[in-house]
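Chemist: Residue numbers (the numbering used here): 1 to 779.
Accuracy of the hints is not assured; some may be wrong.
Stated by the list, open to error - Pairwise CB distance ranges (calculated):
#: 1; residue 1: Gly338; residue 2: Gly635; range: 50 to 56 Å
#: 2; residue 1: Ala606; residue 2: Ile494; range: 51 to 57 Å
#: 3; residue 1: Ala760; residue 2: Arg174; range: 53 to 59 Å
#: 4; residue 1: Ala304; residue 2: Thr602; range: 55 to 61 Å
#: 5; residue 1: Asp592; residue 2: Gly338; range: 24 to 30 Å
#: 6; residue 1: Gln185; residue 2: Leu680; range: 32 to 38 Å
#: 7; residue 1: Glu107; residue 2: Asp141; range: 39 to 45 Å
#: 8; residue 1: Arg236; residue 2: Gly156; range: 41 to 47 Å
#: 9; residue 1: Thr698; residue 2: Leu106; range: 33 to 39 Å
#: 10; residue 1: Ala352; residue 2: Glu383; range: 24 to 30 Å
#: 11; residue 1: Ser440; residue 2: Glu124; range: 48 to 54 Å
#: 12; residue 1: Ser477; residue 2: Ala314; range: 35 to 41 Å
#: 13; residue 1: Gly439; residue 2: Asn721; range: 56 to 62 Å
#: 14; residue 1: Ala606; residue 2: Ala352; range: 41 to 47 Å
Worth flagging that the hints you see were computed from the coordinates, not collected in a lab. The beta carbon of each residue, even a glycine, is placed where N, CA and C say it ideally should be.
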Amino acid sequence: MSVVPFAGHLAGLDSGILEGLLRARPDVLIEPVPADFGELAQRLAGPESLAAALRASNRDTVTVGRAVVAMGGAASPAELTRLLGGHPAAVQAAVADLLGRGLAWLESDRLRLPARLAEHWSAELGGGRPAALVVRTVLVDELRAAAEALGVAAAGLRRPELAGRVVEAFGDLRAVADRIAGLPQPARDRLERLRLGAAQDFGTVYSGTYGLRRVDPTARVDAQLAAAGLLLRGNRGLELPREVAMAGWLAGGEAAVTGRPVIEAAAVEPAATRPDAQAAVQALLRGVTAVLDQAGASPLAALAKGGVGRRERARLADRLSVPGEVVVLAIDLAYAAGLLGRVGGGYAPTAAYRGWRAAAPALQWARLAATWYQLEHAPTDREIDGDKELPPPLPLASGAGIIRRAILTAAAPGLRVSGAGAHAGWFCPLHGYDGGQYGSKVAAAVLEAERLGLVAADRLTEFGGHLVAAAGEPATSLAARVADLVTATPSSVIVQSDLTAVVAGTPSAAAARLLGASAVSETGGAAGVWRFTPASMRAALDAGWSADELLSELAAVSDRPVPQPLEYLVRDVARRHGRVRVREVRTCVLADEATAVEILRTRSLAGLTLVQLAGTVLASPLEPDRVLGKLRSAGFAPVAEDTHGAVIVPQRREHAATQRPPAAPGPRQLTAHDLATRLLGRPARDPAEAPTHLGTATLLAELNPGLDDMELRLLSDALENARDVLITYRDKNGSRSVRTIQPRQITGRWLESWCHLRNADREFTVANIESVAPPSVPR
1 MSVVPFAGHL AGLDSGILEG LLRARPDVLI EPVPADFGEL AQRLAGPESL AAALRASNRD
61 TVTVGRAVVA MGGAASPAEL TRLLGGHPAA VQAAVADLLG RGLAWLESDR LRLPARLAEH
121 WSAELGGGRP AALVVRTVLV DELRAAAEAL GVAAAGLRRP ELAGRVVEAF GDLRAVADRI
181 AGLPQPARDR LERLRLGAAQ DFGTVYSGTY GLRRVDPTAR VDAQLAAAGL LLRGNRGLEL
241 PREVAMAGWL AGGEAAVTGR PVIEAAAVEP AATRPDAQAA VQALLRGVTA VLDQAGASPL
301 AALAKGGVGR RERARLADRL SVPGEVVVLA IDLAYAAGLL GRVGGGYAPT AAYRGWRAAA
361 PALQWARLAA TWYQLEHAPT DREIDGDKEL PPPLPLASGA GIIRRAILTA AAPGLRVSGA
421 GAHAGWFCPL HGYDGGQYGS KVAAAVLEAE RLGLVAADRL TEFGGHLVAA AGEPATSLAA
481 RVADLVTATP SSVIVQSDLT AVVAGTPSAA AARLLGASAV SETGGAAGVW RFTPASMRAA
541 LDAGWSADEL LSELAAVSDR PVPQPLEYLV RDVARRHGRV RVREVRTCVL ADEATAVEIL
601 RTRSLAGLTL VQLAGTVLAS PLEPDRVLGK LRSAGFAPVA EDTHGAVIVP QRREHAATQR
661 PPAAPGPRQL TAHDLATRLL GRPARDPAEA PTHLGTATLL AELNPGLDDM ELRLLSDALE
721 NARDVLITYR DKNGSRSVRT IQPRQITGRW LESWCHLRNA DREFTVANIE SVAPPSVPR
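Full structure from sequences and hints, please.
Modeler: Laid out in structure tokens, this is it:
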């Protein structure tokens, strides 16, 4: 795929326009970055990069891009305006957006598209061969009839002249579209099915019994389309020329260029929403902190296939007095932000949570808000697999993220959020949902934005404005923007004589640990209430607290003496605690008394820390296999028994372990300014004429000549630096999949890698890798 014209266009951009394009396509900023404009053109024309850019494009941009394809792959803005019948300013804005996103370039004042994008849109618009090819096999009489139906003066024309006139008539897409619009509805429906490839064959006309002629209804409609000159009959039978398919798209109502929808201005100023926004931010931080503190005390139970189920979430919401949607947000956002991770049979805070817990509230919120903004699914409206929910924090494919970002971006100038939501289909037409699902995702986006303090009174708050303005920047930058808006809420703990503690604000880590261990939450909010009960005190003592430690910590967090009733409760529970003891015995050794005494006195067995429970019973805290080994080494001849006393005969078996690779380092990223500065000092080149393959890339190029220089650099960088990379792969059966892998080494013609999709080692035939992209394409 030649990218020379595209590269030349990029090389001619001034620094400001180039920086804007790079900001619009942030995936090209991920190392290894393009070394010159040739590689930049390759990276921008990659399938994953194009897909990310398209998802962020509005309806007019997509429509104008498709119109370029309909016109044969090149068109001027004036030609596009005539074809689409839109306002010139709206068409020009769409052209500027295509250029600004690197989805097109101008060549002699005509808009052109990257080959992959043109092929994609051509397949979407449908149609078969161009009319110039179809007419070659059409009989002259059929050609004359088609010409007359299309309004072409056919009298006296020879076959070559007729063919030229018919092809010319088909080239006027607007006229053909008007002709299609005048057809009866059944014929228009049939033409649409043919355009989209829903019907692969045409109806037939046949004779029935006793000579009665029966006509297939589909064939009757096809005959009408042929009579109108829209289907041509050649040696392949009836055929739909590509130009008619393009005109069918125009006539179908999908090709309107409307301009940006008009959205009413919000009724209130941002400052008026500040109290509500600040309250929402504080409530969110309290809820997330409460959920993660609870997960630290006792991991959130996971379902067999992973994720936190509805029952566990309902239990958390009830125990912590936190709204259910905040619980879901806390789990999803904390997991995506690296604050929550899988441990054993559940989920618990990671080491990063401790730093987040101690950070300033502005940074806490910024990290959660930035994570939510980039998240691709809606935590409060997760997709359903069949009739089962995919519970948080399991990853899933979703288009909710582009809807969310479209709504917030559209409402950012101070417009109504409800209006932006109503027109989100214009701002992100490729969301992929039907009407009901689409409405559900819009509602989820607004609900979650309100919980995060980003939306209040049907407008973006100051928090929301800063989030949109800081999109793509580090969380620290967003935190600096909102530092004056998020203030540390004073926290106080008042321990009362009625065996309750009233907590104002978000409790400190020490207070949360203490209350979580020794009390039960009754109500949440700005002033939460915790109750001390005999059961909660027993739980604290079971967890290793002593009565003196509990009383000392309670006095410290409340900054006042502990009320007498609570002290009595603590002392009373402590006095009875431990009267009944349960000793952990991992291994029992049974022998006659003489042998038991001999075992106890054998010095080499001292490491087993054996104790005598009865004359013939010894106990050790060590595993049975270790005890067996030590006894055999000391000259005894023990056998193993199961819990019922039956002798265990070990079976010989082989063990295999799957070794996960170390976590790949996060992608390194340049700023748009830095990359633009670097590129402007280097000329564009033709990758086919000036290969830069070195080392690993040379070997990869030999194994897969279909990968371009930029893809080879990405793949070789991942191999040499143990980094993740995203590949599109076609297996031996022809099935395609997109997966993130961490390549390890090249063995023959295979690439040994860790596959994150399968969570296991996999081998990939290098020749079957169709494309390579950075591991996570920013949106």
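Chemist: Take the hints in turn and mark each one as holding or not.
Modeler: Cross-check of the supplied hints:
1. Gly338 x Gly635: 50 to 56 Å: With a Cβ separation near 53 Å, Gly338 and Gly635 satisfy 50 to 56 Å, so the hint holds.
2. Ala606 x Ile494: 51 to 57 Å: 54 Å, holds
3. Ala760 x Arg174: 53 to 59 Å: The hinted range 53 to 59 Å holds for Ala760 and Arg174, with Cβ atoms some 55 Å apart.
4. Ala304 x Thr602: 55 to 61 Å: 46 Å, violated
5. Asp592 x Gly338: 24 to 30 Å: 58 Å, violated
6. Gln185 x Leu680: 32 to 38 Å: 56 Å, violated
7. Glu107 x Asp141: 39 to 45 Å: Roughly 42 Å apart at Cβ, these two residues keep to the hinted range, so it holds.
8. Arg236 x Gly156: 41 to 47 Å: 28 Å, violated
9. Thr698 x Leu106: 33 to 39 Å: 36 Å, holds
10. Ala352 x Glu383: 24 to 30 Å: The hint (24 to 30 Å, Cβ to Cβ) holds, given that Ala352 and Glu383 are roughly 27 Å apart.
11. Ser440 x Glu124: 48 to 54 Å: Between Ser440 and Glu124, where Cβ atoms are some 25 Å apart, the hint is violated.
12. Ser477 x Ala314: 35 to 41 Å: For Ala314 against Ser477, whose Cβ atoms are near 37 Å apart, the range 35 to 41 Å holds.
13. Gly439 x Asn721: 56 to 62 Å: Violated, at about 45 Å.
14. Ala606 x Ala352: 41 to 47 Å: 43 Å, holds
This entry does not satisfy hints 4, 5, 6, 8, 11 and 13, going by the numbered hints stated previously.
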